[in-house]
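Trainee: Given next are the chains, with one letter for each unit.
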Amino acid sequence: MDDKRMPDGIVLTEAQKRSRRQRSIAIALALGVLVVLFFAVTMVKGPAVLVRPM
Amino acid sequence: MSVVDHNAIELPRISEAEVGDYLALLKPRVMSLVIFTALVGLVIAPGHVHPIIAFTSILCIAVGAGASGALNMAYEGDIDALMSRTANRPIPRGRITREEATAFGLVLAFFSVMTLGILVNWLAGGLLAFTIFFYVVIYTMLLKRWTAQNIVIGGAAGALPPVVAWAAATGSLSMEPVLLFLIIFFWTPPHFWALALFRSDDYARAGVPMLPVVAGPDATRLQILLYTIVLVAIAVAPWLLGYFDAIYGVTSLVLGAGMMVLAVNVYRRREGSEALRATRKLFAFSILYLFALFATLLLEVVVPAVALAIRTIAVAIG
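Protein sequence lines, in the order shown, are assigned to chains S and V.
As numbered in this note's numbering, the first sequence has no gaps in its residue numbers, which increase by one up to the final residue, 54.
As numbered in this note's numbering, the second sequence has no gaps in its residue numbers, which increase by one up to the final residue, 372.
Source of the hints: derived by calculation from the structure; they are not laboratory data.
Among the hints, erroneous ones may be present.
With the C-beta cut set under 8 Å, the calculated list includes, among others, these residues of chain S facing chain V [as the list claims (entries may be wrong)]:
hint	residue
1	Ala15
2	Ser19
3	Leu37
4	Ala40
5	Val41
If you want the footprint, here are the derived chain V segments under chain S, 3+ residues with CB under 8 Å [claimed, not checked]:
hint	stretch
6	64–73
7	106–115
8	230–240
This structure is a prediction, so every number in the text was calculated from the model and none was measured.
Positions of the beta carbon are idealized from the N, C-alpha and C atoms, including for glycine.
Please model the entire structure based on the sequences and the hints provided.
Mentor: In structure tokens:
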């Protein structure tokens, strides 16, 4: 086997890796905010969270 | 076994877009005005709104506005590249593709509307959905490249946030949010036509039929003056009709006088650097005008509430 051959598939550059990581963290934070928001409103409204004026 | 020619395969584009590029798609400056006007709609609405519900409402409205901005930029990537004001946006710079921006905008639009509907109420959620639809489909896709009245009709989308916020706070609608809507609606033409007057080359290059491009600068100056007269009258009306009090009335009269003087200046000064200066002044003052008008409404509610809280604390302490 030739150990020095190029790896198969696409190899990300450092800039691509950095920006992908940044975007992943931002998506995780946004989802976290959404979860906290739903939890907080459920606490505020109690069972009435499912009773909404149309 | 098949032999694959790797050179013949087109490699997928790997994005190098950073979070800042996506934030730029949200049009942060437009969003800040949306947040501010929505906050005013929420605060002046009658009754008590729990701070978490208020925060949720403003957040959803802000994200909905951002979604509209992203979808607008996705659709206008071609003309944004031709205008100096917009050439630095993420799509013309090649940081984000139109498809990525569309997906981003649609996801944000979906989540903002659903979250507002589920957590607050469906009247507000429905109005937010309508606002996004109006801005993206009616204004961006249909009106903007078709008629010089694009920003007049399209202005309705920018005028809706305080109405959405009022609906979020009360679950209903009444005359006050309609008045706020009308103020922003009639503020939009003089504001954007002032901008279009000193950016008309940009719009002409991009083939956008803004009024100065289609009807000429003099006709635009007349329209700015006429719309400013209507705007000033509409802005004073809530005080005269008894919806807002005298502090607002006096503020709207003083600010309205400033708008009128500057609009008359734009109408009279038609040549050279004086004309350009007059137009820039009106554009800058129009932002201050709307901000100060809405800030007055905000302060009228916030200042007495803070004073009452301080008095209550003082009584409790001593």
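Trainee: Could you run down the list of hints and mark each one as holding or not?
Mentor: Verification of the supplied hints:
1. Ala15: With a minimum Cβ separation of about 5 Å from chain V (threshold 8 Å), the hint on Ala15/S holds.
2. Ser19: Ser19/S check passes; min Cβ-Cβ to chain V is 5 Å, inside 8 Å.
3. Leu37: 6 Å, holds
4. Ala40: Check passed: Cβ of Ala40/S comes within 5 Å of chain V, closer than 8 Å.
5. Val41: Result: holds, 5 Å to nearest chain V Cβ.
6. 64–73: holds (count 8)
7. 106–115: It holds: at least three residues are needed, and the stretch 106–115 of chain V offers 4 whose Cβ sits within less than 8 Å of chain S.
8. 230–240: Violated, because only 0 residues of the stretch 230–240 of chain V bring their Cβ atoms closer than 8 Å to Cβ atoms of chain S.
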